[in-house]
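Residue numbers (the working numbering), protein chains in the order written: chain A, 138 to 963; chain Y, 79 to 532.
Derived from the structure by calculation, the hints contain no laboratory data.
Relax, there's no trap hidden among the hints.
Listed next, the stretches of chain Y that the computed footprint assigns to chain A, with coverage defined by at least 3 CB atoms under 8 Å from CB atoms of chain A: (1) 120-131; (2) 242-251; (3) 296-310.
In silico DSS-like pairs for lysine-lysine, Cα to Cα no more than 30 Å straight-line: (4) A:K655 to A:K817; (5) A:K761 to A:K907; (6) A:K851 to Y:K308; (7) A:K939 to Y:K325; (8) Y:K352 to A:K660; (9) A:K693 to Y:K211; (10) A:K948 to A:K926; (11) A:K655 to Y:K196; (12) Y:K97 to A:K510; (13) A:K654 to Y:K196; (14) Y:K286 to A:K660; (15) Y:K352 to A:K847; (16) Y:K286 to A:K661; (17) Y:K116 to A:K571; (18) Y:K97 to A:K571; (19) A:K654 to Y:K192; (20) Y:K181 to A:K454; (21) Y:K165 to A:K817; (22) A:K827 to A:K433; (23) A:K781 to Y:K192; (24) Y:K308 to A:K847; (25) A:K454 to Y:K97; (26) A:K585 to Y:K116; (27) Y:K116 to A:K139.
Even glycine gets a Cβ: it sits at the ideal position worked out from N, Cα and C.
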Amino acid sequence: MKYFVGIDLGTTNSAISTFDGENVRVWKSKTDQADVTPSAIYVDKRGRRYYGRRAYENSFRQPERCAKLFKRFMGTSTKFTIDDAELTPEECSAEILRELFKNLPDEIRENKDGVGIVITVPAAFNQMQNAATLEAAKKANLGKVALMQEPVAAIMRVMKDNQSDGNFLVFDLGGGTLDVSIAERISGKVNFLANGGLTMCGGRDFDRILFDNFVVPWLEENFSLPDDWQTLDEYKLLKGLGLYFLELAKIELSSSDTAKIEGEIELEDENGEEIYLDIDIDRENFSAAIDDLVTKAIETARETIEKSGLTSGDITKIIFIGGPVNYKPIRDRVVDELGIPGSIEVNPMTAVSEGAAIFAEAVDWDSDEHERKSTREQFRSDSELGLSFRYESRTPDKKARIAVVLEQAVDGYTFEISSLDSGWTSGTVALKNKAIVTVPLHKRGENKFVVEVCDKGGDAVFLESDTIIITQTYANVSGLLAAHSIGVEVKERLGSDVTRMDYLVREGDTLPAKGQKKFRSGKKIRAGSDDSINFKLWQGEIEDIPSDNLFVGALKISGTDFDFGTIVEGAEIICNYTIDDAGSIKLEVEIPAVGEEFYGNFYAREDAQVDFNKDSSKINRDGKDLLQRVRDIGNAVDDDDYEKLQQAGEIASTAISANNSTHDAEELKHIEEEIQQAKKTLADIRERNKFSIRRDDLNGWRSYYKNYLKKFAKPQENEQVENLFERAENLIERDDSAFDDVITEIRDTTYRIVLRDDNFIADMFNRLIKNPADFTDREKFYRLSQAGKTAISQKNFVELRKIVGALYSIKIYRDDDSLIANIIKA
Amino acid sequence: MKFDENPFRVLNVSIYDTKSTIIEQADDLSFADPDREKIIEAAKNILLNPRKRIAAEVRLFVDADAFSAENIFVELTEIDRMFSIQKPDILRTRINATRIKSKFPAVNDTETIKAELKNLRDELRGMMQEALKAVSHQTKVDFANRLVDKVLTQKNFGVVIEDFFDSYKLEMSAFIDDTVEQIIALSGKFEFNFKAEFSQYLYELEPKITAFVNTRRPVDKFYAALGTNKFDDSEEIFYAVREVAIKLYNEKHLIDYPLTITRMLEKNFSYLPKVDELIREDLKFLEDAKKNQPSPSFTTAMKQLEAIKKSMEHSLHFEKGFEQANLDFYLHFFRSTHEDTIKLLMFRRDMSLDEWHILNAATAAIYIQMGTAMTWVHFHPKTVLELFRKALPYAEASGNAELVVRIRKDVDEWERTNNRIYGKSSSEEWGCSEGCGCVWLIVWAFIVICSFLH
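So that you can see chain A by itself, here it is in the shape it has in the complex (with noise of 0.2 Å):
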């Protein structure tokens, strides 16, 4: 491999660099001669495409022959269109990064095979969204490339200039992502230790906070404009060029106190009066607006440090990152607050580029996984002496070793080590059976030696390969870190109904990593039948709710996908797994009872991509469930978290309400991803007060019992639920899901005894018929409906029995329940 290339595929910005070895370059955009190409491309009315500034300036002007921050919607289905074309996330970063391809020169390009090409993305980023940008690659046709973590990159940059040991914080706050990461030094290697991160916290959210804060305020104060003028087709130029004015504004603000939000509309109000800008903001008030967003952002700062084990004390200085902190205050409100020295020792915009380009010298790129390449090396060069050299083939210190090795051992021999750079050589070394010989470095990049062997006579023997190529770097990163812990939905035990994560990898475990998890199936599924073993698989820390976390994918094995045998119940099922640098994961199910290796594209796609142009549903159902889940818990949280869970109240409530009219598609993403955070923060709330939870609604249970149920339970059954009752209170501090499943057996015990009450079946019929859309058969749902209605007026609930059980008999479920987890953790 002769060229290593670092991308940084920004939000708003990305950047492109070369490494040989020992320098690294930045290569400007040819046609905006800047070390950055604005993400952002534009269709003029002739159909000719322009990326980079031109672009990004006319997408203030011109937003529908525009497309730019597709990269927020990677791994969605929302499309961006430009003219009258439509363009998929993926399409428009392929056009990017073929476009910042370009500015290499013309002997990297047209040497495809001898280039290796690192993409950087975000520490946060998703399965999909990962596998989104190696489409978007792929689709550029780039050649051999790898994805690395933007914060690996930085850190990799960081080490170029930074020969000291010590515990670095990177604070990376990008256009559209912040990543924190904190990684330690010791004698040149890297180990990171520990990663953190939010996205939709980039400078584009700044963005959006001041314009809601200054611009529109101002301008409806000072004209004419409907409620709803954000939304309007005829104010998008105003929106866009509010937006492009507050920027230039930003910019001023970064070397002066005070700025001026300024220009002309060419727009006019609905009195037809001329709009234009001319507002006034100075450091304070644009600080105190972002207030929120950076104290998120510190708040996260502070959990990563206490993720790696240190204090802010142990952290030697924040690096920082990315363009937002290129304005001071940010920068100083962070060093303030972590207590902690600041750097801008690297170039915030280009350092992540950088990066990615020195890593890619450490890519193995003939391996297929494109693995880091090992820093040890042996080979064996002698095949009657049985000779091998062992050596460290990539240190960042100016010295390696080099062992020679022999089989058996010999009398008289002796080798020598000459340098083919520098003339150094280690003199005649005698040679008996193992040889250490310490060799100086001179170069960063490749030093050679070769070795010569003489025999008692003192002739050269011969030697099958007699060259040691060690290589000197700037540093050598073990440990990278998985950004987000990835798991499989599983019962725990065989009869329990309650779903657990079962992880593969967790959120701090080092990369890459490769391993076998073993599980058991909890159905029979005999060849032939349509009956399957659903593998889901999930990613996020609700560790008690797989249902919460984002959903990666599914493999589903039924009995039509093998020809003999059958997979018993408890049958072992054997998951292999990798996961690379970036923390892309690949997984093969094996079934020994069947003989049988299955494979599946574990990514959602179809299931996670949301077109958030036109698609609000998912929000609202999330957000309703959200709802009550924290209506659920409200009377059991101490009063510490009662505020959180209001805000997670609050997240409910507005994705509840949202809708493509009045939410533009990064708003409803930006909702999708509160919504996240905040199940997130009901996970934890839970976990805190677990045990007042548990035993509010085991409390719960036994006045709903002793109040309503008792009556209709006969004595064997009153007896076995007050057992399961105290077997419940003796599980209420255990760390397990014990407890949840003997409130599970207290449900269908109880669902059992309560069918007895006439009440209860009418209730039932009474809620079952309210959604005739939930019904296959809609004749006979309401040829069903108006029987119940009469058996309800005879009361004749014999009859009212027979009528609930056939609507169940016709009531649709959703898809999902088709794939319910029924693994069991081994």
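Given chain A, work out where chain Y should sit, using these hints.
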């Protein structure tokens, strides 16, 4: 991290060693054995990361290295005890004491320690499952049965023991499932041809039930001790087999077969809390029924009387034109064959007094029926009188005073008739007079017989 992969062991460093020692040692080991570089690097990364290092430290303090698949059966209760006594805050204190020397930052909370204990528990469970998979079915069953008795006697067990029984259940689920299916199929098949196949059924069923229960009992007993009610498989088998017993009793009127089945159920399933009482009730019911069951001699005798009765019903006709046929039947069948049978029956004594009474009543009824039939035959009032007189001792032996009175009344009447006939010749007088008790007696006697037979 697995038990045999504790980074401290992989790198051969102590919990007190500092970062530089760990790095140096990892470098040296990687250099000496490049093939193990990835394992060594992974171990180094764990030990250098203050958060991830907790996993290795917890394992060291819990002495997790002592857990292995080889000794897990031997030391399960000890491992359970050891695991139960771990307290996250004490572990944190111990870890922090070592971190002062190793110069790693102190652990501030116990969350990671709790999570690690949970991971350890999961790994132990995995190890138990591997160990169970490696031994024979019988070894598993024997161990589980011993273990359940031991822990229930001691009344002290922790989550590791619970996990063992979950793992055992999982490991055995295919066998259980298969056996349940076989027993259900066997019981279903048996319904169709119960008599011929009962022995075969029992022969096939009993070992299956025994194997099933031996396998399943430890789990059921353990769950019963926990207070849960997850006995679905066992109850399914129990009710399926009990259903066979119920059908044999209700539909085929058998007692011994259902009793055999119920005793087998008692032997195997009485440990189940829900069915224990049911078994006792079933047994009491069947044993009571057996006590009231007629003796074989009586049953045989009644069957023979029934045969005579059927023969009479078939051959005797109470209408004009059949006088000669009735007489022929009396002379050639009843007197020559049936009467001999009746006399022989009366020699049987191995029956209860009640049975003896019923037998005599039924015999009396047969003579009355025959005598009544003979009233339709011309010029044979003596035969009628003779038959009624023959009925009388049986009626007296039946202990039924009412019956005796009625028969005596008929005998008296026919004696008078005979006296008259020798003086007069009028066919109209030969039949039974209106109000004669013969017909009533026949009906009454047959009711007695029928009710007994059912």
